[in-house]
Amino acid sequence: MKRPLEVYERPHCAACGQLFTWEQVTKEREGRKLRFCSTNCVKIFDNYLLPTYGSGLLMTLNGSVFETA
Amino acid sequence: MSNSTSLKQDIENVVKTDPFVLEIIRNYLTTTCEEMGTTMMRTSFSPIFNEARDFIVVLYDAEVELLAQVDYVPAMLGSARHGVKLALHEVGIDNLDPGDVIIMNDPYRSNNHIPEHILIKPVFKDSQIVGYVGSIAHMVDVGGTVPGAFGIHENCFQEGMRIAPVKLFKRNQQQDDILKLILANTRTPEFSYGDFMAMVGALGRGEKRIHDLIDRYGLETYTQACFDMKKVSERLMRKQIGSWPDGVYEVDDCFESDGVTPNRNWQLKSKLVIRGEEMIIDLTGSDEPANGSMAMTYGSSSSAGYEAVFQMADRDIPINEGCYRCITVISPYGSLTNVNYPHASMAGNTEGQPVLIDMLLRGFAQFSDDAPAPDGNSCGLVALGGIDERTNLPFAFLSLEGIGWGGSKYADGNSVQFSKLGNCATQSIEIVESRYPVTHLSYEIEPFRGGAGKHRGGYGSKRVMQVYGKDLVASSGISRCTMPAPGLNGGSNAAVNVLAFKSPDDVNWRSATDKFGTVAPGLFSNAPLKPDDKIMVITANGAGYGDPFERDPHAVLTDFLDELLSPEQAEALFKVVISKEKVDAAATAALRRGTKSKAEGVLP
Amino acid sequence: MNTISKSRAGADAGGTFTDFVALVGGSRELKVGKTLSTPNDPASAIEEATRRADLPIESIELLIYGTTVATNTLLERKGAKVGLLATLGFRDLIGIQRVTRPDHFDLHWVKTPAIVPRRLRRGVKERVLYDGAVDTPLDEANLREEIQFLLDEKVEAIAVAYLFSFMHSAHEERTRQIIHEMAPELQVSLSCEVLPKWGEFPRTSTTVIDAHLKPLLNTYLKALNERCNANGIGSLQIMQSNGGALAALSAAETPARLVKSGPAGGVIAAAHLGKLTHQKHVLIADMGGTSFEAGFMPNCDPCFTTREELEFGVPIALNMIDVRSIGAGGGSIARIDEAGILKVGPQSAGSNPGPACYGQGGTDATITDANVVLGRMVEAFPLGGHLKLNRLHSEKALKRLAKAMDMPLTRVAQGIVEIAVNNMAQAMRLVTIDRGHDPRDATLVPYGGAGPLHACQLAEALQIKKILVPRHPGALSALGALISETRFDYRQTLRMLSSTLDIQRAVKVYSELERKAAEDFEKEGFATAPLLERTIELRYYGQNFELEVSVTSGTLDEAAFKQIVIDFHAEHDRIYGYTLPAQEIEFLNLNVAARAKHTVIELPKLDKSMSKVEPTGTAAVILPGGDEPEIVPLYDRETFGVGAVLKGPAIIGQMDTTTLLARNAIATVDEWGNMLIELEGANK
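Chains as they are written, first to last, in this note's numbering: chain A, 1 to 69; chain B, 70 to 673; chain C, 674 to 1357.
Hints are supplied without guarantee of correctness; some may be wrong.
What the hints assert, rightly or not - Lysine to any residue pairs mimicking SDA-like chemistry, simulated, CA-CA at most 25 Å apart:
#1 B:Lys338 <-> A:Leu58
#2 B:Lys603 <-> B:Val501
#3 C:Lys895 <-> C:Glu720
#4 A:Lys2 <-> B:Glu637
#5 B:Lys539 <-> C:Gly805
#6 A:Lys33 <-> A:Asp46
#7 B:Lys249 <-> A:Val7
#8 C:Lys1139 <-> C:Ser1282
#9 A:Lys43 <-> B:Pro463
#10 B:Lys249 <-> C:Pro1254
#11 C:Lys1320 <-> C:Thr1341
#12 B:Lys539 <-> C:Met1169
#13 C:Lys798 <-> B:Leu633
#14 B:Lys599 <-> B:Pro463
#15 B:Lys300 <-> B:Val160
#16 B:Lys85 <-> C:Pro1081
#17 A:Lys43 <-> A:Ala69
#18 A:Lys2 <-> B:Asp163
#19 C:Lys798 <-> B:Asp315
#20 C:Lys1016 <-> B:Asn96
#21 B:Lys277 <-> B:Lys249
#22 C:Lys751 <-> C:Gly805
#23 B:Lys603 <-> B:Ala624
#24 C:Lys798 <-> C:Ile730
#25 C:Lys953 <-> C:Glu720
#26 C:Lys1285 <-> C:Val1318
#27 C:Lys798 <-> B:Lys539
#28 B:Lys603 <-> C:Leu811
#29 C:Lys827 <-> C:Thr927
#30 B:Lys236 <-> A:Arg10
#31 C:Lys798 <-> B:Thr508
#32 C:Lys1016 <-> B:Leu282
#33 B:Lys236 <-> B:Tyr286
#34 C:Lys1281 <-> C:Glu1244
#35 B:Lys300 <-> C:Val1318
#36 B:Lys249 <-> C:Lys895
If you're looking for bench data, these hints aren't it; they were derived computationally from the structure.
This one's a predicted model, so the numbers in the text were calculated from it and none came from an experiment.
Modelling step: build the complete structure from the supplied sequences, incorporating the hints.
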């Protein structure tokens, strides 16, 4: 028997921040593997978030946006 | 706006459905939502559901993309888009059968806050999913520490029962196990059951209508029409965003308190980013989640974002998934606008969304004349509970208010109108007094308290009530009690909202902080009341637009004649002299000569 | 002395035209006349209409008159300056309204101003509680001060609306006494009389509307009554919004009942025709120049609503015939929005300049223009018998749209009509579904100038297989006025729960309402007592919307109440698809409808029979779904006899409208000249 995931164990998008329950898009950025809810969010991360906030942004993100597997 | 021929050609390149059929199908879907909404309204039980119309009805296509909606409450735009998709994928699209109904209310799964329950039903045709019908509605009580749910909580457990996405109906069979569990955890099981049945009934209607539509036009035409409708709205929204000047428009604001942490407010940061035909609403940099429930979920903050955009966009753009493709709301998980487990989010929806929407509109105001000054930023929520001695049963009464809307370039703000996030109607006093142990002493428009401007903010209301019974408590979710919303273009700040209490032995009206020792005057749970205690809610005037000294003197006179403005206020705030119930033009001109604008400043 | 046959007449004074219909007693003839309305001098239009109908005006024994004067006065706020006396602390209900707005995303919508400005809304020291107990007795000194204030402000009427007045009316009645002590001539409306029903905002709003209309309607109706008398008309009655008629002077006392009386006439006539021809349910489609009204009548009985709002935020909560209006009339304008999508209505070209084909300078393409281009409205039958339609103007108007959409002219015309038909079908669908019925079970009754032209398409859109086209569709409202009967509605809120049922109280309330009915009918001059129908409004405790069920006119006992509950469960199930058998029931409003014993109105029959009718010409028509014009037969309705059978496709012309018979339609003419159309292949 397997315990279903609690919300705090579920993935969140590194760009928009929402919890998602569908197929993840995983990308490596600044040496870390990041979780994204869509390819559109990857673009937003690359074209807006990183340029605006710099690599320091990753330190502000919640743990659940990083892919650990 | 660029010429419509190229837009038309633009669209023609992608739209394959006959334009007349497309229009007809779109209307049909909207009418279907209207029909579902009417059914829900007429058969539901919770007054906040039906009188206040706190619900939304949505249709989705086979890809779980929004097709049409009737939103009595725009506050749910985000949860309709994100929460529904989340719930369906978690259950698993392949695990769905005809006659299933999924239920969910989890705030962390992009719902707005705990009382909002999402019900979704897949629509099958020949063993294939052709769409979904959904509704999101506010249930009056969900357990938790506060009757009626509204109050200040410190975590999700105090707020009430969270329901992860589960099937309430399997193949048209009511799942009694699930229902028993849910109803055992609410103070109002009969009402909640009635509401659920109302929603399920409405979903059944919607399902039938989609079947009828597909029977009439065929699945291929219907599928193509769904695709095309979204494409058209996407193009229209891109055009709209493209018409706004590129840039990054920053606005900061705050929640004045979280009701739990003394002496601090909670910072909101926003950037309205316009790049070509794309828009990003970036809330990065806002504070960490508050300790009390004055904090938001992704469902709530994204709703506020979309709400602000639709307020400013051309109203002819049909709202469906297509509109959202070029708008992204960035709300980092674990922040004030997207709380992480187990932070509470109850008040953040009803009181946070108004602040967030108006904050974003101030961003729009940096390049558009159409954005008005902020409104009173509150739903004026007061929850009264206890035991009704006439029946010896517990009662939970929720009172909502209208506020003054902000002045704009074109006109004064409307008075006593519900906040932008919703469109809830007031409840009838006579019905309330017949149902609940509550008596009203008054409910009137409150004379001028703020928001002067060339176009002033609208007036707020004043409501005074008394409650009877045993074990009486009051809870409240009212923000902007200490820090008013700022005026626009030289207009004065809005007024603040007031919540006050008076026992028979009190000389004056007292705030909750004074009388009960609460951290915030408008955010608290279960303050103890005694029969004969009076409760007063005064909602804020909206903020003003433009220099008050440029206001048309006759408009000032009208307010005086309406017994809403004194001659002293007319002179001090607008520099208009009224004597013998007429404008003294000479004296006014003299007073206004060479006076510089003296409107109050913006929020610190 | 010349014996002139007595006649009974109905007239409907619309925005543009006044329609007139008279049933001549002796010859059993139906005379029809149509003339331009004369709103400033209504009697003139009546006089002219009788001339056009070739009817001696002094032969009219009874004229029942439907007018939009109340509706227009209210919409234009041209009525009296009203003062409002409300419970102290609650004078702003009509200023606050419901706190809602019609469009979520319209930042610039301006709230509807209240009929009574704040200054003239005064609070009076009095207070009644939810159970009828007096918490604060009426403070007469305070009251006199407030009345004096209003008199000093030169108000022309006063509305009195206190909280819970329907539980305890003495304060309002005493208030009126004192007002009349101080100003004997001033018009007063009391909420406990206008609408003794709970819901303080709709009740106050309705009372204010009544006061606003009283002085003007009084003058108007008195003058009209005198003119009619002078002309030799026996008596004048006025159509109310509940489909009943009232003596003119009685109507003047409760003018709120005349608001939105416009649609009532047509509904009454359609219901009558439905019963006469044994239809199961009737679904009306009234398409005029500016607007389209849809209404549903299960078992051919009109439906009522109490949730009408003429303007957003200004409810008039009286019992009125339930029709749903949308902006789709012959003059509705077709335009292209930003995305190149065709929209039809609600903007209208009205009657001035009107559709392009009227030749009055209109350049917008309208639904009428589309129909003209498609050949469905023919020159041989000018509008109203005299207005010729200019096809070239229609083509020019549509050319602009065709160019913008890059489509052939006729394709655009088809599209305009399709979208309009779809919009109307949606409205029709909603009115049937609202009542828990399926449109497919109904017979469509189209009327108004443009109704029969779109009837077959509407029927197809809703899978309806039967259509009943009245003999004079353009004058159906006037016919409805003619056949309407005196009807008074009485209601009283009496809140009881099933667990605390007090049957004796209910019995008392019904007795009182019925006594009032008998009294009012006697005052109206009726020799016999009225027919009384009891109903009750109830709901599951906790719901906010009531359903109305019939109540026995016999003894009201426990068994009777048991039956009421059974009927309620059944009705709830029928409309909403579920019941809550264990849930407490909340009884709310007791209603009595009092009607005069029905005067049998026999509509005249056609005087000739025929099995076949000859066309009078042909027309080149692009039929729905077609691309190219087809030659179809053209008939003149005046030539029809009983039993005539026509097969579609065809065009049937008459003075007041045109009927387009679809390809799969067969029409049969009945004894009264109605066309009963059956659509084959519909309702698959």
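Of all the hints given earlier, name the ones this structure violates by number, lowest first. As far as the earlier hints go, 4, 9, 15, 19, 21, 22, 23, 24, 25, 27, 33, 34, 35 and 36 are violated by this structure, in ascending order.
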